[in-house]
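These protein sequence lines are chains A and B, in that order. In this text, residue positions in the first sequence follow our numbering: the first is 87, and each later residue adds one. In this text, residue positions in the second sequence follow our numbering: the first is 218, and each later residue adds one.
Hints in this document: simulated from the structure, not taken from any laboratory. Check before you lean on any hint, since a few could be wrong.
[Said to hold, decoys possible] Covered, in the sense of this in silico footprint (three residues per stretch, anywhere, with C-beta under 8 Å from a C-beta of chain A), are these stretches of chain B:
(1) 452-462
(2) 505-518
[Said to hold, decoys possible] Computed from the model, here is a short list of chain B residues facing chain A with C-beta under 8 Å:
(3) ASP383
(4) ASP394
(5) THR396
(6) LEU398
(7) VAL399
(8) ARG426
(9) GLY630
(10) ASP660
Keep in mind the model is a prediction, meaning the values are calculated, not measured. All C-beta atoms in this analysis are idealised placements derived from N, C-alpha and C, irrespective of residue type, glycine included.
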Amino acid sequence: MRVHRPGSEAEIAEWVTTTLHRRSLDGAPVVTGLSLGRPPSGLDSLPRLGLSTTNLSSMLDFQPRDLMITVGAGMRLSTLARLVEEQGLWLPLAGMPEDRSVGGWVASAPAGEFDGSFGPVRRHVLACTLVLWDGRITRWGRPVMKNVAGYDVNKLVCGSRARLGILTSVTLRLWPGPREVRRFELSGEPLREAAPVLAEAPRLEGVVWRARPGLDQAGAASVVLAGGPASVSTRTRVLHDWALGRGITIREESGKPTNPCPPPEGRAQRSGSSAAYRITFGRRYLTTGLRDLDRLLSSDGDSWHMEVFPATGVVRLLAEERQAARRSQAPAWLTAVVEAPARGPGYRPTLEQPAVRIERGGLAAHEAARRMRSAGSRDIEKRWITAFAGVEAPWQSDYL
Amino acid sequence: MSSKRALPAGLLPALRAALHPGAVIEDRDRLLVYEADALTTSSGLPDAVVFPAGRDELTRVIQLLHEARVPFVPRGAGTGLAGGAVADGGVLVCTTRMHRVLEVDPLGRTALVEPGALTDAINEAAAPHGLRYLPDPASSAACTIGGNVAMNAGGPHCLKYGVTTDHVVALEVILPDGTPLVVNHGEDGGLDLAGVFTGSEGTLGVISRIRVCLAPAATAVQAFLALFDSVADAGRAVSTIFEAGVVPVALELVDRETIAVVEASVFAAGLPLDTEAALVVECEGDPEEVEEDLAEAEQAALACGAREVRRARDEQERLAIWQARKKAYGALGRLAPDVFVQDAAVPRSALPDLLPRFAEIASRHGLRLANFFHAGDGNVHPNLLFDRRDADQVDRVHKAGSEIMALCVEAGGTITGEHGVGTDKVRHMALVFGPEELSVMRDMKGSTDRSGLANPGKLLPDLPTKVSA
Chain A
87 MRVHRPGSEA EIAEWVTTTL HRRSLDGAPV VTGLSLGRPP SGLDSLPRLG LSTTNLSSML
147 DFQPRDLMIT VGAGMRLSTL ARLVEEQGLW LPLAGMPEDR SVGGWVASAP AGEFDGSFGP
207 VRRHVLACTL VLWDGRITRW GRPVMKNVAG YDVNKLVCGS RARLGILTSV TLRLWPGPRE
267 VRRFELSGEP LREAAPVLAE APRLEGVVWR ARPGLDQAGA ASVVLAGGPA SVSTRTRVLH
327 DWALGRGITI REESGKPTNP CPPPEGRAQR SGSSAAYRIT FGRRYLTTGL RDLDRLLSSD
387 GDSWHMEVFP ATGVVRLLAE ERQAARRSQA PAWLTAVVEA PARGPGYRPT LEQPAVRIER
447 GGLAAHEAAR RMRSAGSRDI EKRWITAFAG VEAPWQSDYL
Chain B
218 MSSKRALPAG LLPALRAALH PGAVIEDRDR LLVYEADALT TSSGLPDAVV FPAGRDELTR
278 VIQLLHEARV PFVPRGAGTG LAGGAVADGG VLVCTTRMHR VLEVDPLGRT ALVEPGALTD
338 AINEAAAPHG LRYLPDPASS AACTIGGNVA MNAGGPHCLK YGVTTDHVVA LEVILPDGTP
398 LVVNHGEDGG LDLAGVFTGS EGTLGVISRI RVCLAPAATA VQAFLALFDS VADAGRAVST
458 IFEAGVVPVA LELVDRETIA VVEASVFAAG LPLDTEAALV VECEGDPEEV EEDLAEAEQA
518 ALACGAREVR RARDEQERLA IWQARKKAYG ALGRLAPDVF VQDAAVPRSA LPDLLPRFAE
578 IASRHGLRLA NFFHAGDGNV HPNLLFDRRD ADQVDRVHKA GSEIMALCVE AGGTITGEHG
638 VGTDKVRHMA LVFGPEELSV MRDMKGSTDR SGLANPGKLL PDLPTKVSA
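Just chain B, with the same shape it has in the complex (with noise of 0.2 Å):
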């Protein structure tokens, strides 16, 4: 369904001129550059990628692009795993050129800026002002906020304080026919817009200007390591944590295979290689509050058979413990070319079931499988690494993680719990949408994008649309 063809004539020349010099690509050397996103399995060339360095300048963009009837991507900083910021045919509209935190206000406590700006950029801005920004996307440091909110992202810290529409105040969006549009959370009386702007991937328009919410920092933070012997046994755990009446601001899985290359690696951090699996476990708040919680969170983690429980010494071994899960996916990079890095979720009691179910599908696909995951969202990442040189390897990673996929949706899971639909999941959509809620979502997107020219081909499966009256 490739949307490739010639730019229309005068096209080029027009965004040229609506734009700041140098801000249009066209050459195919230049263009290799957006040809993937942090999906490097799935890839496409766009005819041109340009970067809009304001609003106005965005607006004109999409105006000129639908009076041109020329189809668009709209794209951060190409961090998504889910191949939704890649443009077969088109034009890509990079935001990065936005990328400014134009206004902190610590009364309201709330940010406004532009797309472009990296997650951590709104943390260094709050900052002076004992603020911050709770969703904490493992990419911070290189993802937009335009992309996290497309894509709705989540982040280890989201388990108490929610994702990113959860600290999305109000958007603007330049919607496909080049119209920008304020929308909220139905604070005005009308439909909660905002709710599905976010997340919608760039289906219905592109997002020009964001309010997000700011959280005080915590007055105190701690973490504890839980090691165990079994996977099951530590997927226990993480259940059993919730029903000693914590909420731990953060509860991540790390298996044996994560391990063994995280220590192996720069960002080692003293994991016991002998480990199953281990279970990072922080907590924040007052400072009596995180010793209670992580007290009854050990006593839980040691009750459902952790061989071993170690709290954080200090700061810098509790960052020593985050690096080493947050770095896990590059480490990765020390067993094998690739990784398969897939993103489902399942209700959490399911996780000791599920978790020698994934590594028996792997080891059947001959595959091996890093679990690190936000186990205290029954958010699971069961990566697969490959070569994707090796023809039969690919094929048979999406074997592999199809077959993951069903798994997790016949446990009452969904397909993705944070990293989006894209062209990577168009395919399992059928699983936990029926045709009614299918085609009432393509009449969503239909309405709002009539002439189609709003990140084509992702999110939604290409499916008739229902009969109209």
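With the rest of the complex left out, here is chain A (with noise of 0.2 Å):
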């Protein structure tokens, strides 16, 4: 696969517009912020084009009074969390690793810790610049904090991949650094029934519970409370005595968690590439949900990750891509999770909510996700998707 690191807006629409066009593809472009030294699986094979924005890697504003800041979309999250650190603010989001692009975060959405307290990606992106897939360069979004001018472009450009465009640039909303902010580790017994459990605890500015299902394990938490000293410290004895109540271990991380988070240890992406299903059951069926996947996951033959964000309802499971890779279409699992009959057709995406995002892994796998969705929604999206890219594009892009 031959990559093209283009150093500017300009560039890549001429590069949309030259050479995509010329040449006539039977599989999509691929774009990428900074992973593309390991393509994905099942790409590498194809007759594609790469595209990265590693070049574009600029802070482009920085308004710390405003709590804003402007990057370029291949800046490295790492390099992000650092600028708007050294100005004593927080973005406070997890859920990719360090080495991942802005862009690449903002364009698959990921769920985090933080989402409970501070809001999900949708809620950062403030504006954004995006390439379209016939060249044409577009904003959207102002630098403000509320904007309800035109269409909310930029909700839709979060988790699109790249089926809008090439997102070159991205405005964030921060916060004030908090002025206290300490980690803790849960662990024990108790843990096994995360959501029920964590649901009673003390309130949590970030809540991650993980596990390997099916292995009996009785999984970990990882805990952040975020303020004022005096409020850390009254909510820190009120957690102690609430884990000591219920057999709960607890030990403090030393050291401030940096930002975005990292990944915890045992994290299957820190090895590498990896695969990452996202299942929304909401918090109302998180517990039948996470007792479903459990049964499910261990007549499984692969080694799944579990994430747990209990006040959000949102499951991540994750495993080597390798082991993702060798399936030709979604694990038979996640089917039946999505079609459990016990939760009738409230179980699919409809207004109950729970719901099925292939976060990475193979296309066999992104193209089992489109079938599960209503043809009535394919059909809006597809009519929107070629909205922005002018022309029906021949081929579908993905931001892997």
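Using the hints, build the complex out of the two chains.
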């Protein structure tokens, strides 16, 4: 796969209108931030073109007083975190390893441990620049906290991968750095049933529960308290008492949690590329959903890591990519979860919520996910993607 | 661009047959009630108004209108400030009879509601479970959740918790061709379609059901007033409070003109009349947190030249402060028959510079200005007072309004922070979007509403679509 690394929006627009449109591709161009060193399985064999935004990595505008920063889509998350922290500010978001790009993070919109308190990725994107697949350079949003002018395209961009265009810059909402941040690791038998137990916990700014389903492990949780010193200290006492009363072991992690939080030890992503499925059960179905998952995964040959965000009812399942790549379709357990008859039609992406998003993984898995959506939403999606692409793109792009 | 014309024969009988008795209005006298929303300077008369009593009736109405190719305008309580719920011909589809809170799910912390439910009604239904719906538009006692979602409404307490879009879990919309569609934020691996339907002002269809997030009630809440001798100092204090590491739940600014009218009204809260600007700062959380956040914020206000900070001594006093802020709009009626409610958002740090310039623009046009707004979000409401019977005043109001919009955009801001575009801001859209972006949005609209029936003339300026390839 040949990878092009343009240094400006204009160069990207030119690449799109010349190189890309001249070629008749039977596969998608691949847009990426930093991870092209290890293209996702199934892609390297296809006659594809690669576009990397690595060279669009500058800080474009930083207004600490206004709690906003604009950066190139190719900037590393770790670089962004350092810039923000130097000004005493916070981007309370986690979910991607630090060696990913800002663009990749916005385009895949992973769930994170702070989503319950500070909101998901979609709340943090105030403006962006998108080079459309017909070469038009478009700018969406303004550097302000509230904006209802026109359609809210920033929301559409979050999690869209590169289906609408190539993200070249992003303006993000920042938060004042909390005066005190403490992180604790919880472990112990009572955490086996993470959702109900953690739902009773004292108020936490960040919470993620990790386990390997089907392996009869008790699981462990990582929690963050953030705020004024007196409040954090009082709540630390409450948390200790709460844990003690339930036979849960609590240990404080040393050092300030970095920003975004580093992937905890043992997380599959650390070892290289991975596959990730996100299941949004919502808080309502989290407990039963986790039980189903545990049962279904125990019959799956592969080894999965699970992250649960009790505040939002989201579960992320992570596996080594080589496992996921073997699969020619979405794993049977996934389909079983989505179509669980116990929850009837409510379990499908309806007003009742639970739904599956495939964050990373082979193309077959993405195609399977597409089939799980309702025909109606696929139809509107196709119409809107065409509105952006200008032409009905013969390829399907993806930010992987 | 009036779409006024006679309705096709057979449509009204078909609508009547599809709806409960009395759910179709067509007499001119009764239609007059619906000639405007809360933007009273803009008006239009629908050919008929219909009141579907449930989603099946609503779906049927939209199907009939689509078959007859008759444009429609969705409307909740008509409290919108952008002229978005006004029909110039066609059929006004009122959701006020779809006002039920269908379900409160305490475990999932969500509620399933019909679009015509009052925003406050969701809170009433959630309260017994110790839950609440966070966005709080000032009109929450009168406005509907469907209208809130259509306009992506804000409110004073959206500062910390986010605006309507951040509290919508999923939506069911009836597309302009009468097809129902459930959309979410892309949890199903698709695009965040709900993120676009929210704030689309009825131009992509009508919302038929909404699942909203609920949040636990706060254990402690406290507020203080900071009084300033200069508006610019108050503006500066806004940024400084955030720099102190505090995110209040609400941070509002009220200026001298507003204080004078509110204090003369039944909503008087004891604000000193010689104050140039007052900040209302509210924090909530657990008691320690509220205490230390308020202390930090008070210090920040004093450091910016506040002559006094005054903490609400009890709940009654806190509520009085909020009444003063929320009822300011109505109280302005003491000064002039009409208020042109302006809405724009700017980077917070631009406030100290912009506030005196708003005053300068108003005085140059011989108009009175009253500011009361969501300072913490940089969401300004520089309201112009006037009498619409005086054509010259109306003309000056429009000129001053346009200058204020241009000034806000120049400062990096946007033409509407929470009220929406409607018809009022259509002419300003080109200030914040170029031809490429407008063309993409027109194509989104055009491909969703192929017959151009859903709320025509709103949100998007009338520009030729791009030449298709």
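Against the structure, the hints:
With a cut-off of 8 Å between beta carbons, the segment 452-462 of chain B has 5 residues touching chain A; three or more are needed, and the interface restraint holds. Given a C-beta distance limit of less than 8 Å, the hint that chain A covers the segment 505-518 of chain B holds, as 6 residues qualify and 3 suffice. Interface restraint check: ASP383 of chain B against chain A, minimum CB-CB distance 5 Å, threshold 8 Å, status holds. Against a cut-off of 8 Å between C-beta atoms, the interface hint on ASP394 of chain B is violated, since the closest Cβ of chain A lies about 11 Å away.
At its closest, the beta carbon of THR396 of chain B sits 7 Å from a beta carbon of chain A; the interface hint therefore holds under the 8 Å criterion. Hint status for LEU398 of chain B: holds, given a least beta-carbon distance of 4 Å to chain A, under 8 Å. With 8 Å as the threshold, the beta carbon of VAL399 of chain B comes within range of chain A, its nearest partner Cβ sitting at about 5 Å, so the hint holds. The interface hint given for ARG426 of chain B holds, since its Cβ lies 6 Å from the closest Cβ of chain A, which is under the 8 Å cut-off.
With 8 Å as the threshold, the beta carbon of GLY630 of chain B comes within range of chain A, its nearest partner Cβ sitting at about 5 Å, so the hint holds. Interface hint at ASP660 of chain B: satisfied, since its Cβ lies 4 Å from the closest Cβ of chain A, which is below the 8 Å cut-off.
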